[in-house]
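**Student:** Sequence:
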Amino acid sequence: MHHSEQRLLPGTKQHTTIAVLGVDHTIAPIAVREALAFVPADAVDFLRRAKESGLIQGGVLLSTCNRMEITVESKLPAAELRPQLTRYLLEYKRLPQTQKKYFLFHDEDRAYEHLFRLVAGYESMVQGETQIVGQVKEALNVARTSGNVTNTLLRLYEKSLEVAKQIRAGHYVGAVNKSAGAAAVDLLLEKDGARSLLEARHLIVGAGLMAATLVEALKQLGARDLTLYNRTRSRATDFATKYGMSTYYSEDELRTGIDAAAYIWVATSASTPIITPSTLSEQKEVTIFDLGLPRNVDESVSDRDGVRLFCIDDLGRESVQDRVPEEALDCISRGMDEFRNWLEGLGIRDVYSIIRSETEELLMRELQKVEGTVDEATAKALTDYSHQLTKRVSSDMISRLRKLSEATNDPIYAHVVRELYTTA
30 MHHSEQRLLP
40 GTKQHTTIAV
50 LGVDHTIAPI
60 AVREALAFVP
70 ADAVDFLRRA
80 KESGLIQGGV
90 LLSTCNRMEI
100 TVESKLPAAE
110 LRPQLTRYLL
120 EYKRLPQTQK
130 KYFLFHDEDR
140 AYEHLFRLVA
150 GYESMVQGET
160 QIVGQVKEAL
170 NVARTSGNVT
180 NTLLRLYEKS
190 LEVAKQIRAG
200 HYVGAVNKSA
210 GAAAVDLLLE
220 KDGARSLLEA
230 RHLIVGAGLM
240 AATLVEALKQ
250 LGARDLTLYN
260 RTRSRATDFA
270 TKYGMSTYYS
280 EDELRTGIDA
290 AAYIWVATSA
300 STPIITPSTL
310 SEQKEVTIFD
320 LGLPRNVDES
330 VSDRDGVRLF
340 CIDDLGRESV
350 QDRVPEEALD
360 CISRGMDEFR
370 NWLEGLGIRD
380 VYSIIRSETE
390 ELLMRELQKV
400 EGTVDEATAK
410 ALTDYSHQLT
420 KRVSSDMISR
430 LRKLSEATND
440 PIYAHVVREL
450 YTTA
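Position one of the sequence shown corresponds to residue 30 (our numbering), numbered consecutively onward.
If you're looking for bench data, these hints aren't it; they were derived computationally from the structure.
Idealized CB from N, CA, C, for every residue including glycine.
A portion of the hints provided could be inaccurate.
[Stated by the list, open to error] Computed spacing ranges between beta-carbons, pair by pair:
| id | residue 1 | residue 2 | range |
| --- | --- | --- | --- |
| 1 | E390 | L358 | 47 to 55 Å |
| 2 | M426 | E63 | 54 to 62 Å |
| 3 | D215 | D74 | 32 to 40 Å |
| 4 | T127 | Q249 | 43 to 51 Å |
| 5 | E355 | K248 | 50 to 58 Å |
[Claimed, not checked] Once the Cα atoms are required to be at most 25 Å apart in a straight line, the calculated SDA-like pairs of lysine to any residue come out as:
| id | residue 1 | residue 2 |
| --- | --- | --- |
| 6 | K313 | R337 |
| 7 | K104 | G83 |
| 8 | K104 | Y117 |
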């Protein structure tokens, strides 16, 4: 099936399209990605509204520091889905339609390949970073628990996670176990040297996954003076205890923590900046690395003398399009084949149900013609035989259909049989 050809949804006469729409660090500046970022509650609301409008049948929305993209299943053909979904998304975010120039769009095979590469770490700013797997799982869980994912999308995502696990197990990703946090530490290590980082006091702002990768990278480097700030005291206590950090701050103590640190690593899920010029003391010399999206540090702090400000886009990205190992490409190709076979298998099983139902209905109509003309025992024998005949006819036809589909590697025959039985 060509990548732009629509797939016939099992059990219906409706055509569906699987596609991905979004922005990422390769084509959209940080300000655009920031404006299109979603927290889980907003992702649920957007998916629900898009479903209710009839635009999509279901979707999974992924929002990270590098990208925002939504994978959907829709009854619309790709040519209609792309402009309508783009317009709907920009309107939801109250952004001008001119921003559509930053969007990527893939459908069918290209969408499958994009997702498999993404989950494996080949589309990340830091090739092979491990956070993406957890982020994808979280996005899938949000869509699933809110009832916004279709069975087809669920299977597609499960297969992508399966393939990513195979690729990582085979060490086919160049920077296995890398993270954006570790890459940020490497960047400043290159700029400032090991001595500067080892002798300085560091403040990690946040207590999530990104904060954990920062602590682990700094500890691996050999830095010892690590402190923590998290707004919630209980989370700050738990995180500091887990990572052996004796000094930590919470609630209104952010400025105290900042004043004592030379390097500040910011990684929270705040929707607005938590560090502004007023947060910093006068003449404070400090290096700040903002790993949040939306950004957690007001850009204007970089106007202050002595302040160096870095953001996620400073990590850069090597071109990896031609550097994916053949072994990984093979894993992705097999995964795509297995998903397509699953789709076609759904179609075969669905046709079996249709054939059996139609055959049973036909035989029951014929039995009704002799109703009242035979005794009860004969009527029962005829009914039992009709059930057996239904199974035999259906099984024989589906067996022939499966062999034909496998021999030609073409699902069109199942589609034709379905149309013959379901078209009035």
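**Student:** Can you tell me whether the CB distance of E355 to K248 sits inside 50 to 58 Å?
**Tutor:** violated (36 Å)
**Student:** For the hint 54 to 62 Å, verify it against the beta carbon of M426 and that of E63.
**Tutor:** holds (56 Å)
**Student:** Quick one: are E390 and L358 within 47 to 55 Å, going by C-beta?
**Tutor:** Hint holds: Cβ distance 48 Å, inside 47 to 55 Å.
**Student:** Given the hint that K104 pairs with Y117, test it: the Cα-Cα distance must not exceed 25 Å.
**Tutor:** Holds. K104 to Y117 sits at ~16 Å (cutoff 25 Å).
**Student:** Evaluate the given range 32 to 40 Å for the C-beta pair formed by D215 and D74.
**Tutor:** holds (38 Å)
**Student:** Just to be sure I understand the hint, the distance between the Cβ atoms of T127 and Q249 should be within 43 to 51 Å; is that true here?
**Tutor:** holds (44 Å)
**Student:** Taking only the CA atoms, is the gap from K313 to R337 under or equal to 25 Å?
**Tutor:** Between K313 and R337 the Cα gap is close to 11 Å, so the pair holds against 25 Å.
**Student:** Holds or violated: K104 and G83, Cα atoms, limit 25 Å.
**Tutor:** holds (8 Å)
Taken one by one, the earlier hints fail for this structure only at number 5.
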